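Protein chains in written order, with the numbering used here: chain A, 64 to 166; chain B, 459 to 629; chain C, 89 to 764.
Fair warning: there could be bad hints in the mix.
Said to hold, decoys possible - Derived coverage of chain B by chain A (criterion: at least 3 residues anywhere in the stretch with Cβ under 8 Å from a Cβ of chain A; other residues may be distant): (1) 471-483; (2) 489-499; (3) 504-515; (4) 548-556; (5) 576-582; (6) 591-604.
Claimed, not checked - Okay, the calculated beta carbon distance ranges per label pair: (7) Met719/C / Arg573/B: 53 to 63 Å; (8) Trp731/C / Gly524/B: 49 to 59 Å; (9) Ile625/B / Leu736/C: 45 to 55 Å; (10) Asn586/B / Gly735/C: 50 to 60 Å.
Don't read these hints as lab results, they were simulated from the structure. This structure is a prediction, so every number in the text was calculated from the model and none was measured. C-beta: ideal position from N, C-alpha, C; glycine also.
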Amino acid sequence: MELTMLYYLIPSLFMFCCGVYGFVTRKNMIAILISLELMLNAVDINFVVFNRYLFPGNMEGMFFTLFAIAIAAAETALAIAIIINIFRVASDIDVREINKMKF
Amino acid sequence: MESVGSIIMYVIIALAIVIFSILAVTTRKILRAATYLLFTLFATAAIYFQLDYEFLGAVQIAVYAGGIVVLFVFSILLTSHPGDNSEKLASKSKKMGLVGAAVMFIAAAWSLFSRCEMLMTSRPEMSNPDMQRVGEALMGTAHYQYLLPFEAVSVLLLACIIGGVVIARKR
Amino acid sequence: MDVTLPIIILALPLFMFLFLGLLGKYMSHRLAGILGTAGMGITLICAYTVAFTYFFSGNPDFINAEGERLQQIVFNVTWLQFTPSLVLRLGFLIDPISSMMLVVITTISFMVHLYSNGYMRDHHGVWEKGFQRFYAFLSLFSFSMLGLVVATNIFQMYIFWELVGASSYLLIGFYYTKPSAVSASKKAFIVTRFADLGFLIGILILSFYAGTFDFTHLTSVAVEGLNHVYQVSEGTAQNILSIFANNPASTFMGASVLTWALVLIFMGGMGKSAMMPLHIWLPDAMEGPTPVSALIHAATMVVAGVYLVARLFPLYLMETAALDIIVVVGALTAFYAAMVACVQVDIKRVLAFSTISQIAFMMVSLGVARPEFHHGLGYMASMFHLFTHAMFKALLFLCAGALIHAIGSNDYTAMHGLRKYMPITHVTFLIGCLAIAGIIPFAGFFSKDEILTACFGHSIFWYIWMSCVAGLTAFYMFRLYFLIFWWKEHKVHDPHHAPHDQPWTMTLPLVILAVVSCFAGFVPFGNLVTWNGHPMFESVSFLTNLENLDWSVAAISLTVAVVAILIAMKMYKTENELPAKMRNALPALWDWCYHRFYWDELYMFITHRIIFGLVCKPIAWFDRHIIDGTMDSFATLTNKASWSIRGLQSGNVQTYVWIYLIGVILLGSITAICLI
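Isolated chain A (complex conformation) (with noise of 0.2 Å):
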């Protein structure tokens, strides 16, 4: 048996799809983000994937996971910053309560 290029992205694929399940059904915010950064994590696998079957000598696709990495660091800590001012103000995360920005 040989591990081809499948084998890795199917697990990916997979991880993508609980992160899109996780991200319409969840309520809590901090859950919302949690499959947030499953969905992330899919799509950094697959960069790194493709870069190390299709262009074994190039390093794109690991330096674009990288900045992914960092970027998902910055976002997740300024999301994490405005859902704990909201939970200040509305003492609940539950999304389905946010939505005074309604109309």
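With chain A fixed as given, assemble chains B and C onto it according to the hints.
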């Protein structure tokens, strides 16, 4: 042909990814979800190691597993009262989510398998990118070198720190 | 001629307007009055100098070797240039009529400025509210009127024409807290604006075909003979008459373009000069202060229409149809106004209708003027009458002002028998009445006699008609005179408050104007103002007018006037039953005259019932329901559409994600299908 060890390793990683991903989005205790996310991230790091990107794997563990998850835990502890579970999901929305994810999965898998011959490429030989190459690529300005994005990310992180402080600050 | 004096004549009143208008409230009433009067006095001196230089200096610029008076453009500033040939200029034209008008305007205006110092305060010396504003407006009016008469081109005249209309509006509505004054000013403005619409169209037609606005160009054609070839621009020779008369495309509804242009221009003159049927604003304009009535609505502005026709007279001569229209309109108006003036109670109204009638005299005189008869005697007579009428009518109005100021009412019923209390006013008013009635040797006799002679030369019918009107004039003026100063003794309850003559600022203008009215008739107008500049008499002396009288006509008109005065004396000198009997004998006629032949009611009917009711209402309905409805339904539709889709913006992030997800799946599927 891969060694049996790496195949076993792969199976463990793949199983960990699948199981912990599912658990991370289905568990009702939010702290546990964060923990499962941590495991998923570890498994991802393992994939990076298996694919010979050791630097990337290290960054994954350091930033993601070490930094982001800790942030998650902190914020969970700050925003949820101890011992309360998250609400039970309505079965309707659960089903909807499942359907959506499944359709997504099928569509993506379908497009994957429609490129079947490409997916079947075996792993080429590659020398592990050593730290000097990574460092030069990160700090250089020539073709395929990434000083500018590096700096941009550093500015972004700075902005993020300031923004985080401003937003979360008590007024 | 040096440009200094003309510039002062125009600039000083404008400056006084700005000065008094902007800074008037920071100065005392007395100072404002003195400044305004002094400014007008300087203008008066300058205007007299200019007119004197023009008429008597013998400068070859003004009079050529044959004794023909020439038009002279002192300066002409290009203001707007539309095309190489179509240029708007602002300038200063002096010729006989503009010089004569300069004298008339500045004289009357100065008198009124002086008089207002006394009139615009009450018996206790308290100044009228807005006194400085009053002087500012008077200066504005003087500026506009002077600019009008010296206009070098018809467009400049139009501009100042509108300016006098605006200042007339401001002055009629001077007592802006009085609703009747406000509506009178609006009425005057709207009616004259309506007439000016015709004037503007006439100007456009005329200038379109002639390619010029300049009076000199327009009129030189006819003056130098109807075959004159005249240069439009850059050497293109064009015969102006052939353009107007012989171009078959340029006729409209059976009349040539020139006729239309001239009639439309005359329509503007009808509005300003209160010719029937556009006369309705003038009686109401008496709501303004009496000095304003004397200046604007008797002596100067209302004769602008006559002046306009006189200015374009050579053009009118080319189209005698237009002149015939002027005669008919003028004659009807003269008779109508004289009839109405016979029964009015308000003394200012009587004078207003008298003004209408006298202006109509001037119009008729212009209309009957033909070069064939006495070198265009009618033209000279018209200008002569304009001159004398300005003097004695201003005198009458100022007397009326003095009476109103003393009595506090406009009705003669409140006056009666004032001759002992106000002797100066009595004598001057009598002189004014004699002048307007045409008694020798007062001013009106000569000018009116010339007009009647001109009518006689044109047609016997109009001569008889105008003689009747002249008789009516004498009758209603003496009716007014006797009712004010005789009829019965004035009842005085308190001897300390008996009516008395007014302060010198008011009586001095009366005396001056009375003296002028006595002697203005001897001015040898025939040598000064004629339609083509040729003098009418060989030699000039003080008695020229007397020597050149047509004594047959003069005797008849004198007889008519004396008989009319005697009738008035019989009826009104002492209190008696005769007027009431006359009234009861012809109640319908009296009613029609008293209600001014129901012209106002007719206008109200036309505007309110027909225009507002039958035209405006459906249009308003269309506007409100169809046009507004369409626009409203657009808005409602947009509003409803946005209300129905606003639910999409639920604020629920996960819904957005769902929609996004579905979109992604669809796009991905499509891409996948396409790639396979």
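Quick rundown of the hints versus the structure:
no.: 1; hint: 471-483; in the structure: holds (count 8)
no.: 2; hint: 489-499; in the structure: holds (count 5)
no.: 3; hint: 504-515; in the structure: holds (count 7)
no.: 4; hint: 548-556; in the structure: holds (count 5)
no.: 5; hint: 576-582; in the structure: holds (count 7)
no.: 6; hint: 591-604; in the structure: holds (count 6)
no.: 7; hint: Met719/C / Arg573/B: 53 to 63 Å; in the structure: 57 Å, holds
no.: 8; hint: Trp731/C / Gly524/B: 49 to 59 Å; in the structure: 51 Å, holds
no.: 9; hint: Ile625/B / Leu736/C: 45 to 55 Å; in the structure: 28 Å, violated
no.: 10; hint: Asn586/B / Gly735/C: 50 to 60 Å; in the structure: 56 Å, holds
Of the numbered hints listed earlier, the single one contradicted by the structure is hint 9.
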